[in-house]
Amino acid sequence: MTHYSLFTLLRNAFSGHRHWDRAWRDAEPQESYDVIIVGGGGHGLATAYYLAKEHGITNVAVLEKGWIGGGNAGRNTTIIRSNYGLPGNIPFYEWSMKLWEGMEQDLNYNTMVSQRGVLNLYHSDAQRDAYARRGNMMRLHGVDAELLGRDQVQAMAPFLDYENARFPIQGGLLQRRGGTARHDAVVWGYARGASDRGVDIIQNCAVTGMLRGPDGSITGVETTRGPIRAKKVGLSVAGNSSRLAEMAGLRLPIESHVLQAFVSEGLKPVIPGVITFGAGHFYVSQSDKGGLVFGGDIDGYNSYAQRGNLPTVEDVCEGGMALMPMIGRARLLRSWGGIMDMSMDGSPIIDHAPVGGLYLNAGWCYGGFKATPAAGWCFAHLLATDQPHETAADFRLDRFATGHVIDEKGQGAQPNLH
Amino acid sequence: MSRLNTGGLIDRARPLKFTFDGKQYSGFEGDTLAAALLANDVRLVARSFKYHRPRGILTAGTEEPNALVTLREGARAEPNSKATAVPLYDGLVASSQNRWPSLGFDLLALNQLASPIFVAGFYYKTFMRPAALWEKLYEPLIRRAAGLGALSGLPDPDSYDRKHAFCDLLVIGAGPAGLAAALTAGRSGLRVIVADDDMAMGGHLLKERSEIAGATGADWAAGVVEELASYPNVTLLPRTGVFGVYDGHEYGAVERVADHLPEPLPGQPRQRLWKIVAKHALLASGAIERPLIFPGNDRPGVMMASAVSAYLNRFAVAPGKKAVIFTSCDTGWQTALDLQAAGIGVAAVVDTRAQKPALADRLDLSDSVVALQGAIVDIKGSKSVKGATIRDGSGKETTVACDLVAMSGGWNPAIGLGSNFGNRPVWSEELNAFLLDKTPPDFSSIGSAAGRMSLTSALGDGIRAATEVVQQMGKSPAEMAIADVAETGGTNENMLWVPSGIEGKAFVDFQNDVTASDIKLAASEGFVSIEHLKRYTTMGMATDQGKLSQINGHGLLAEETKKTIAEAGTIMSRPPYTPIALGVVAGHHRGEHFRPVRHTASHDWAAENGAAFVDVGQWKRAQWFVQPGETEWRTSVDREVNATRGGVGICDVSTLGKIDVLGPDAATLLDRLYANMFSTLPVGRARYGLMLREDGFVMDDGTATRFAEDKYYVTTTTANAARVMQHIDFARQVIWPELDVQATSVTEQWATYSIAGPQSRAVLQALLPDIDLANEAFKFMAAGEYRWRGTKIRLFRVSFSGELAYEISIGANRGRQLLEAIMAAGAPFGIVPYGTEALGVMRIEKGHPAGNEMNGQTTAGDLGMGRMLSTKKDFVGRAMAQRPGLTDPGRMSLVGLKPLDHAATLRAGAHLLAKGAEPKAANVQGRVTSAAFSPTLGHSIALALVTGGQERIGEEMMLNDIVRGSDVPVEICDAVFVDPAGERLRG
Amino acid sequence: MDNVDFISRRENVSLAAVMARKGVTAADIGGALAVEIPKAPAYRSGSGLGLVGTGPGTWLALSETLDNEWPSALEAALGSLASVSDQSSGYAIYRLSGANARELLQRGAAIDLDPLAFSAGSAATTVISHIGVTFWQVDDTPTYDLVVFRSMRESLEHWFESVAASV
Amino acid sequence: MRIPCPYCGDRDSQEFVYRGDAAPVRPSDPAEETEFFDYVYLRENPAGPIDELWYHAQGCRNWITLTRDTRDHAISAARLTSEGKSA
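Protein chains in written order, with our numbering: chain A, 1 to 418; chain B, 1 to 987; chain C, 1 to 167; chain D, 1 to 87.
Chain A with its partners taken away, still in its complex shape (with noise of 0.2 Å):
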């Protein structure tokens, strides 16, 4: 694998481009393998290169129906933070923030990992006091939160509406560690590193269905380019958690939902960081090429559609338009959907199946991407040591039976609600 640096793009440019290697080997499936990881996104490409560098397995494999990053990790809207409240989340997704920090030299890819700040706003005394409970369990946490009051935020955010709000601005809750990350770079990282150390990525090839040992247990997956056998099976497929659970026999306590994401023309730079509105449904960051890319609410019904409706779009505008009527002339020039697999508490589910020889990484409900470090990391380490990852100790599936729930909104066993 040709090392990425200014030199060997300089050495590059003058023999026209001809030396550098494929991004990452087109790879043929094999019978049998170690470790088959079902979903070629940024999940399932960093367990597999977490599995080589981390724990030596290397004869592995991940299955991807279509093209990498063609899921999830390529429509959602680039956002990395940790400001999470409870103690079974704020872990974990620190421990994905730092690895996003060392992302780039340990990949020797730039996903361009900018850290500009993450702002919830706040518009009420109520929502004040959550946003310090949250702000504090962070800081307990040793993660960095700041709860500002109006002014500091006026001062970061001059243009939005401080005037004629019908919810006014009070002051909101900063990490200045969130911010955002370039999405499809971080599954090409991933690819070309993974590859590099032996992992096969293999595309255009779609799970049909599962093998069956005589115990019951799962020993390989059928494939629209033939059986593959291996000794463990990870699924980490998002949206279609269920579709691939139900192959084994399983219901999860999961729902796919449609949530669209935005972008709109390119504009000079205007907003700093990330902000998410506190009384609508809009969250807004702009991309290095100087688009505005936001979002809002999930449309809230089931769908494996990767579209959604007008409504939604009209829910988000209109959110947008009240926290900062300036975008009124921007212009929307894309809008597209993923599948989120909502959970029934609104956090993930890392843990084996009740099926011998299947792993779940699902219920990323539409966080998946921020997570994608920490959960190729603990999932490599469930699959390598059959034992949960401290931080993602309380992401178990029985947890809904024990009543353990990890509900950061509170809103119950009401997926479209978290």
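Just so you know, these hints were derived from the structure itself, not from any lab.
Backbone N, C-alpha and C define an ideal beta-carbon position, used for all residues, glycine too.
Take these hints with a grain of salt, some might be off.
Ranges of calculated distance between the beta carbons of each label pair, as one might list FRET restraints [to be verified]:
{"no.": "1", "chain 1": "B", "residue 1": "G965", "chain 2": "A", "residue 2": "G16", "range": "56 to 62 Å"}
{"no.": "2", "chain 1": "B", "residue 1": "H902", "chain 2": "C", "residue 2": "E75", "range": "53 to 59 Å"}
{"no.": "3", "chain 1": "A", "residue 1": "Q387", "chain 2": "B", "residue 2": "P116", "range": "48 to 54 Å"}
{"no.": "4", "chain 1": "B", "residue 1": "E211", "chain 2": "A", "residue 2": "T224", "range": "52 to 58 Å"}
{"no.": "5", "chain 1": "A", "residue 1": "T224", "chain 2": "B", "residue 2": "D21", "range": "53 to 59 Å"}
{"no.": "6", "chain 1": "B", "residue 1": "K562", "chain 2": "A", "residue 2": "P214", "range": "42 to 48 Å"}
{"no.": "7", "chain 1": "B", "residue 1": "A903", "chain 2": "A", "residue 2": "E163", "range": "34 to 40 Å"}
Here the structure of chain A is known, so what remains is to put chains B, C and D in place on it, guided by the hints.
Same frame as chain A, now just chains B, C and D:
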């Protein structure tokens, strides 16, 4: 000046003045900004995104990638406006963007020197050392250079509107096929909507010299539009672009109501969002001409052949004096005819094909170079074309002087909307273009959007398709015949010409500066899926959304990967089809009208009496009342609490959810919804109730009162009113449909006031002299219906403040009258109005859980209400409430907190650590849910959830509030600070 | 609402929600009240009483005069056929009349108001500008009556004014 | 998106609140914790046709059972939930 003396669909009697980059020019009514700029020989209009190369006007439509300007000024500035789609108006101001210091001399053009480095994806390979410099140096530089136009940063001054429309047939695009279809359906009596995003209807009929039924194409179109305008069942929407197809036959469109005016007229919106439900839709959006890929194909002066024809025919503008045609289909030859008809020299015609088409014979090529199986291999000139180097079939190269190159690489049907539902278009071998295969329901493409490129076939297709729709609607189709159509140059074979061995800057995606060599590099690095190609090179991600670049890019990719373009496939278009302003989607909902405001019956009275209001959901509630001389909110709140606990206070509680649950099985339903019993509630009594969610956690609480065997009056918290109403309807319609029970919201019907304090009974007795309010006659939790001045009222003896208290309800129409009467009756007792803050202080003093405690994460046991969970009957949530996680003794339970130092302030959102414990997550033993200053006790108090709280009364802990910088030693105490025995309530 | 001449407030009308009990048909209720009763979302009136279909087995009843005792009288007339809730204070009522009225409502309601689809006697409970409303067409001028929860009348009136300016 | 309410007719989806799969039936015996766990938490979540519960909050305030395909959102049937399986 390049304005032709005659012709064009402009109004030469109405000249319009405009400025571009500060220079004054003039055009005519009917011009676009681009046409007027060309008429004034303005060629250089913009700079490209990455290399800042000089760019001019390439097209005559909304697919323009180059001529982006900032339109208007100040708060109305519209960055990235396509000059080719901006209707000219008097006083128009436009400026170039993304250049410094000026359009003519742009320093960032130096990027071209680094172009060997600035290839596709170069930024993934560098900027990694040293890591810290990314946010400090590299990224700021990239961000400042990136982006095109700039937002003003000022609030958008214009207003926007919305309209819902319903029709049998929506015709998208009013070109020949669209107009023919609309005419057929209109004459047959269907409800038809015709939308076209141009300022005039006719599509490419306005841009070509064609004849229909003896009239010019443009005149025929005008006649059809006039007829359609006469039908009440037809709605014509010019200046309106359909941007997306949605479920349920719904289409989104934006009508540019006032974009052709300096400013919207008073009361007029700038734009209007149309939400159209159409039983059938015909996509008649025409086709988009494909560029050809050759070095220098981005120089100002290189234009699409159909655009050259459009400027000649529609705007009477000659985009150049001496032209070279480069074409792989007949369109180039047609443009040559248009040029010669306008007296403009054709220096050369280069055709990638072996034979000249038949229409070539009508050209005078006596002094033109003609090169078959040829190609342009270089363009001379930087800010404007000076010449073109042509290689003919034998490989001989000649350079021809010219100031205009008209190129045509064939046509792509404009099928974007058809793939909004995620259905991939298919490659037509016969047409050499992508066509729709599976489409959204009752949606099909017609005319050149369906590959029927000739005028005759387009008109016929419009009639055929509309006739089928009329028949499907069960109506009889009108007889339609459109005779003697004089064909323009047909575009046969529509060959996709893919160059090989390209040197130099040959652009595939003009706006994002993606060259043919970038495609080659991406393929060599393994980005061979068209989706990877798009993301790695950013091809198709510019403001023209790949309309000009995608097919050429996929052709090059197919070439590199030795696959057919059919195998490579194409990108599916996502809404919006062309970019739309965010303001129009938001419409009316911005500023203070983002969401409705709800006012109680006493709102005006409260405002007149010094109330400061707070938002509680959509309600405005009085938070406290400022008396003269009070400058600090705590002064007002302490006064209100003391006056209430010391005498009597009144508070508007109308915003609580109020639901009538009626019918024979009302009692049974409430038993199944509430954790405690309600069927045992006697008539004339109220009871506090706790409602769980089915997962066993607390959902809401409130009192329910029985006014008759089959009449319950249920109250909920303000925040959960809608949620409880929905929950009740779910229970009676879905879980237990066999029950005979009815429910309806009466939140708005009743104005309700809480009258609290030792003097409350006396005030009520003065108000209602003929009702026996003695303690024994009207006990705690009693309720009844009475009359006040002839109007029905309801009286409840319930208390949230812990004082002797009542709630009195009346029809909201008389709410203010009752309040004023109570204030009059209470004057001798010193009655004061109190707001939500004082109400909050008093309920915290009494240890009552509220929204902060019932935040969806707590159980009844946590809140000290475990015993309310009945064991005699099933109720929603009972089973799941038994789970170990919810009954674990280690859970946190509700306690009170007192600061050791009475001057200290306690705040909700802080955490609790054991005394002396190090402040880290592992040592957290609790969290503060509510806090307030208690004037009754003279110090700050709080409610908190603490691990094993009940057993730790009296223990000292540390309140930790890092984000607000305060650590406060506190003592755990019983949650009820005031009158724990509850004597006042029952006195 | 100053600049909107085609919209006026109707003040003195009593209102009540009528909810049929299990097994009771619309005909039973109509019989008890001596008025033809709409099954679908529609408006019928007779003998000083108006009825708007708001859901399966539920109606909004209006008396032509403001009368405190009317809701209880209605309840008595229906006996065990239906449950009744006084709503006289719950709503503000508006009358919109003229061609602009249809155009204004069409700007807000995502319901086909074309005479072919919505004519005299038609009714709908829906949402306009995030505000729940019920309206029905009284005659072919067209004239509509519209009810909205009283607490939101200022917000709806503002919407009326802003849209009427461009109708 | 448009939803065919059996009572109100064709309406904008903005007027409705989505709950989820209509198949799970609430067990009658609260002691059956595993049955209740299945009812409250586990879902088929199919990529295909599903009977699902919608509440017409801004219309007739009735619960409606839609049969809708989660792959392309096509709605094939709608009935009032309280009227049980339509004949």
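Hints versus structure:
1. G965(B) - G16(A): 56 to 62 Å: 60 Å, holds
2. H902(B) - E75(C): 53 to 59 Å: 57 Å, holds
3. Q387(A) - P116(B): 48 to 54 Å: Hint holds: Cβ distance 51 Å, inside 48 to 54 Å.
4. E211(B) - T224(A): 52 to 58 Å: Holds, at about 55 Å.
5. T224(A) - D21(B): 53 to 59 Å: 57 Å, holds
6. K562(B) - P214(A): 42 to 48 Å: Taking Cβ atoms as reference, K562(B) and P214(A) lie about 46 Å apart, which means the hint holds.
7. A903(B) - E163(A): 34 to 40 Å: 37 Å, holds
In this structure, none of the earlier numbered hints is contradicted; all agree with it.
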